[in-house]
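Chains A and B, in that order, give the protein sequences. For the first sequence, the numbering used here begins at 446 and goes up steadily by one. For the second sequence, the numbering used here begins at 446 and goes up steadily by one.
Since the hints were made in silico from the structure, they are not lab data. Hints are not guaranteed to be accurate.
The list cannot tell twin chains apart, which means a pair is met if one copy fits it or any two copies do.
[Stated by the list, open to error] Computed list of lysine to aspartate or glutamate pairs in DMTMM-like fashion (alpha-carbon distance at most 25 Å, straight line):
id, residue 1, residue 2
1, Lys-1111, Glu-687
2, Lys-665, Glu-514
3, Lys-665, Glu-932
4, Lys-665, Asp-683
5, Lys-990, Glu-528
6, Lys-752, Asp-599
7, Lys-665, Glu-687
8, Lys-813, Asp-984
9, Lys-665, Asp-828
10, Lys-849, Asp-934
11, Lys-849, Asp-832
12, Lys-990, Glu-514
13, Lys-665, Asp-569
14, Lys-817, Asp-832
15, Lys-817, Asp-934
16, Lys-665, Asp-509
17, Lys-849, Asp-513
18, Lys-813, Asp-986
Bear in mind the structure is a predicted one, so any value in this text is a computation, not a measurement.
There are 2 protein chains.
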Amino acid sequence: MRVGAWRWWMGSTVTAAMMAAAALAQPGATTQLEFVNTLMPQPAQLTIGEGWLPVAPGFSVGFDRTHDERLETAVQRDLRRLENQTGVMIQDAAPGAAATLTISVDGPGEAVQGVDEDESCTLDITPQHALLHAATDVGAIRGLETLLQLIQADTRGFWLPAVSIQDAPRFRWRGLMIDVGRHFEPVSVIERTLDGMAEVKMNVFHWHLTDDQGFRIESKLYPRLTGMGSDGQYYTQDQAREVVAYARARGIRVVPEFDIPGHTTSWMVGYPDLASAPGPFSIERRFGVFDPVMDPTRESTWEFLDKFIGEMAEIFPDAFMHIGGDENNGVEWQHNAKIQAFAAAHDLHGTAAIQAYFNQRLLPILTKHGKKMIGWDEVLTPDLPKDVVVQSWRGFDSLAAGAKQGYSGILSAGYYLDHMDPASAHYRVDPLPANSGLTPEQASRILGGEACMWSESVSPRTIDSRIWPRTAAIAERLWSPRTVTSEDDMYRRLAVESLRLEALGLTHISQESASLRALAGTPDIDTLRPLMAVLEPVDFDTRSKWSQHHGVTTLSPLDNLVDALPPDPPSQHDFGDLMSTYLQDPIDHPEIEAALQETFRSWSADPRRMELLSTSPQLAEALPRAQQLAEMGTMGLEALSYLSSGVQPPPGWKAQKLAILDEAQKPVALTRFTILPAMRALVNEVR
Amino acid sequence: MRVGAWRWWMGSTVTAAMMAAAALAQPGATTQLEFVNTLMPQPAQLTIGEGWLPVAPGFSVGFDRTHDERLETAVQRDLRRLENQTGVMIQDAAPGAAATLTISVDGPGEAVQGVDEDESCTLDITPQHALLHAATDVGAIRGLETLLQLIQADTRGFWLPAVSIQDAPRFRWRGLMIDVGRHFEPVSVIERTLDGMAEVKMNVFHWHLTDDQGFRIESKLYPRLTGMGSDGQYYTQDQAREVVAYARARGIRVVPEFDIPGHTTSWMVGYPDLASAPGPFSIERRFGVFDPVMDPTRESTWEFLDKFIGEMAEIFPDAFMHIGGDENNGVEWQHNAKIQAFAAAHDLHGTAAIQAYFNQRLLPILTKHGKKMIGWDEVLTPDLPKDVVVQSWRGFDSLAAGAKQGYSGILSAGYYLDHMDPASAHYRVDPLPANSGLTPEQASRILGGEACMWSESVSPRTIDSRIWPRTAAIAERLWSPRTVTSEDDMYRRLAVESLRLEALGLTHISQESASLRALAGTPDIDTLRPLMAVLEPVDFDTRSKWSQHHGVTTLSPLDNLVDALPPDPPSQHDFGDLMSTYLQDPIDHPEIEAALQETFRSWSADPRRMELLSTSPQLAEALPRAQQLAEMGTMGLEALSYLSSGVQPPPGWKAQKLAILDEAQKPVALTRFTILPAMRALVNEVR
């Protein structure tokens, strides 16, 4: 249990007593330095040695063999981060002289990074010297991130611990998908996301570039794709190439997705002949599954796709091209007599069979342009060749079934960031559980997984807090040994990782306050903090239903209270952790009882909080939450008092309090409380 | 005096008593709506009418005459901001139907926006309807910003007050210069800065693109300019065109500066023949005035400049090109025998005379490429034609002298953002004071002014807080009537303006916390807030001397405590305001006395604060500041006690306290306190 951890989401009321308690509980940073492992992801092997290597003026860096421009740039970039962190200027080692840090790389790695790129590295640090060795640039890039994460500080300066690390990823495919179709994200957002991915050693950026709601990549051959299907929000080919280069510089592949044959309304606005219904089409503004689907029976469709894929293959060098293939409801095919006649003539029974035909025709086009196919679960039909890769949104069973048939796959079920699940839930999802029942050969076909950022409710302003820091937990699941499973330790390190991500320029922490200031119309939002710290967005289903009911579209604003709140805020784990430690033995933890009392007091009905919530309609929606928090504060103080005094509560007390918690469980202003399980446990403990 | 205002820089300790006092002192937002004027800049004329126009579902917008794409885009952009602020979807008015807001524009305005563009507009709002009228797109863009700033909220929703506004700028040239030579700023930073400029109705972005430390714009004719002179940090021509278009869309001109003949080291790295000394040259890493200067005696220099300026003239359509012309120390000219011989032959005595010759040769080249010349004070030599514009870093007298000779000019002395002066100091600087002594004709030659962001100590991460919100005060000085001079009212509105700027995506508020989290290595920085809220960076001279002494270069990190702190934080004005109100009558202001007591208590020696300051070397530097703050907290409580009780302090008390304040005046960790004048006044009041 981390006594320090509960303090930062508590908001503003901190007493001297609490601070003294906290100071006592934490090892003073001014005393002897002790290595605190905050590595994320955890390395495959770590051995701690004796002593420290100072990061101080004179620290120099050199290469013991040749290195290429990518490695040079990566080292310069990371040294600049090291300098910014420490204020210490790092020098290039003089020719022939021994460097403090030697970087030793066997070769540059693959010309186009592939699934089998060697990302391993070793890091040996002694009090005199550090040696980073890797087979490839990419391995060195991974090792440099580890090096930066190892640094510890005290008043005297900055230090690297003596350690020996042998590291390599558990899975070869560790990805993040961003859907820029439903809401567009500018290049600057994509690039800072790539920075975050590199920080946690992810290696695939899956760019969902087209969907019903928008076509986001320039085609010079088919200019009406963006000209009529993007509202002007798209990437030029130059920008896409810039992103590919930016990713490669960080050891990240870019897999573009062109979702076909369904999810294609935006294509058909400018090119209605692609469709299986007469049209005309307009950009879809709603969310869900829609009817427009490509017509596989027209040769013009295949000519179009051949040229388009050829054009895209020039921009995206990765071996894979993602063709989507999901959620085709078959409606247009069923209503098109010509397509039905074609299906009958070719013995294609039903939507799945026609789509299998579609994929059979598509595959040689991809092959012609040098691309392997990857698609969502639905692409997996019996006659597909074995080098098609399946991305499973359905779950491990679907993935395992594919593996048994000889198909490689990646897992995304359980990694949907828009579901608003806590990091711990994602962390528990293993693409290859210990009890998988797969043979070693079958197991080797599970390539890894991908976090998915679907963007119904995501804007450039809010995307960072939807992706980070939770994705770091997924990245660790995909990199670190299967045995690394402690959720408490993950959350301890995630809190530090979150700051490292912020230092890279991500806005996942700062945006909450900025949004609250905007909503409240004042910089003085301290009084809101105790409330906001224990609220998070409702789950995906609740918001979806609400959005449908309220006619929310892609054009609706995303600047409400729910958008300001990050999912899985620190209170969720830390308050639960604090409470469960307390409940193990209420009498023996006076300092935790004091902390809980102070927290409960900070929840009290605060006239200034109420007033501030009344300043705007969006905040006023949350007024019931402030009232409920106050009730829970009172409830908490009463429960502590009963537990410490041994006095019994009056009859009906528990039932009344549980009823309040039941009421607090209901969504208000699309928010939910993070503290209810812990409060329920507390109330139930009172007898 | 704003009782609410002191709360948000006070940090974390807020008591119920304070909150109750604050609630009592502020008109409840839930009671009857009252128009609060937060316009920045203030309009030329404002008349408040009766009633309110609701911004609610059904609010529609239409044009009563034709409009072009620029206006359409601007309206869409601003309506999207309105939607984000209110959550209300705004509709296009149905054809033929009456719109809630009608936009009526006479014509698009100049094809290339010039100094004399008509920026005037009128805004008439009744409870039924709003009418925005302007002669040009640019005027409409100004009026839309006013409209957005007028919106008020209560629990029921959002409202526009019934008003009648006639607006036009006092000065035609209202600029912001950014030096991207000493530290580069990416396009994303430039674009969000342009958003901020448009918000406060500024109309010139002066882009200082070249200096000794870097050449930041691609030349296809002379690729070694960036190839060897930029460290790879430069704008492509496409990016520069994008910025020009982005600015034009917001009614902002882009004036590029190519600083010659001095400040040109970066040119000479790739093209040493331009120089007056043999070379070779390398990119300058230090700060100051350096010797490299172009050789005006070689014809090759003029061929180079002719071609280069022609190339740049294609990218930057503005009528003006800034040629710098400042701080040429003449050393290379003095040491070059050929140049000295040339000078003697041409009767050019001294550096100024040679530079006058340089400008004489330069002028026809600019003219040939359709450009007028603007330069710093030094360009003003007797033989220059009258359409050269002078930018004065020397002050009003220099500007007035030019105006008397017939030269137009703009003022920058007094608007140097890197000097770390408070907004009030800039606000007091008027380019055309009432007592200027100029004739109306001469006065008309004072075109306006420019805020200057020189970048010795500025990074992409910190630039926002160096520019904003102080620049909004300068923007108001340049737009609003001369009679708008209340500093208290300016600060009241600046606090709101600061939030509006944040809502545009600027990071001037959020960066401080993000930087403190990075320095402290923990998200739990509440205990630092009371200290950081009353610290700001030292003035320019103090930092310059420190930097020289410590060998600071362009490559040095800019992530120290001083970089995290914004200049002129709210505490500076608000604490002074609170104290002066209190001191007017200490007995009659119990609620202010209570607020001061609470503030002083929040300054007490806090073991957790001390511990946190010990976690990193950069923070540990500020430990003496925490001690001094604690001493001032004690001093403050004692002073309040003496004043309220009428008891006399012991002998020597005052002298001892003043000595503490003297000590606190000295720079520590490149920081200074904002509260010293108020504390001094308090101590002096004790008798």
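Tested hints:
With identical chains, the CA atoms of Lys-1111 and Glu-687 are never at most 25 Å apart, being 46 Å at best within one copy and 48 Å at best between copies. With identical chains, the CA atoms of Lys-665 and Glu-514 are at most 25 Å apart between copies only, with a shortest distance of 23 Å across copies and 31 Å within one. For the homomeric pair Lys-665 and Glu-932, neither the shortest alpha-carbon distance inside one copy (49 Å) nor that between copies (55 Å) is at most 25 Å. For the identical chains of this complex, Lys-665 and Asp-683 are neighbours both inside a copy (12 Å) and across copies (18 Å), given an alpha-carbon limit of 25 Å.
Within a single copy, Lys-990 and Glu-528 get their C-alpha atoms only as close as 49 Å, which misses the 25 Å cut-off; across copies the closest is 22 Å, which meets it. Taking identical chains as interchangeable, the C-alpha atoms of Lys-752 and Asp-599 are never at most 25 Å apart, the minima being 60 Å within one chain and 56 Å between chains. Within a single copy, Lys-665 and Glu-687 get their C-alpha atoms as close as 17 Å, and across copies as close as 20 Å, so both meet the 25 Å cut-off. In this assembly of identical chains, Lys-813 and Asp-984 lie within 25 Å of each other by CA distance neither inside one copy nor across copies; the values are 43 Å within and 65 Å between.
When the C-alpha separation of Lys-665 and Asp-828 is checked against a cutoff of 25 Å, the pair qualifies neither within a copy, at 34 Å, nor between copies, at 54 Å. For the identical chains of this complex, Lys-849 and Asp-934 are neighbours neither inside a copy (35 Å) nor across copies (73 Å), given an alpha-carbon limit of 25 Å. Only within a single protomer do Lys-849 and Asp-832 lie at most 25 Å apart by alpha-carbon distance; the minimum there is 14 Å, versus 81 Å between protomers. Taking the shortest Cα distances, Lys-990 and Glu-514 never come within 25 Å of each other, neither inside one copy (51 Å) nor across copies (37 Å).
For the homomeric pair Lys-665 and Asp-569, neither the shortest alpha-carbon distance inside one copy (50 Å) nor that between copies (46 Å) is at most 25 Å. In this assembly of identical chains, the alpha carbons of Lys-817 and Asp-832 lie at most 25 Å apart only when taken from the same copy (7 Å versus 64 Å across copies). In this assembly of identical chains, the alpha carbons of Lys-817 and Asp-934 never lie at most 25 Å apart, being 39 Å within a copy and 65 Å across copies at closest. Proximity of Lys-665 and Asp-509 under a CA criterion of 25 Å is satisfied in neither setting, with 46 Å inside one chain copy and 37 Å between copies.
Taking identical chains as interchangeable, the C-alpha atoms of Lys-849 and Asp-513 are never at most 25 Å apart, the minima being 41 Å within one chain and 61 Å between chains. With identical chains, the CA atoms of Lys-813 and Asp-986 are never at most 25 Å apart, being 41 Å at best within one copy and 66 Å at best between copies.
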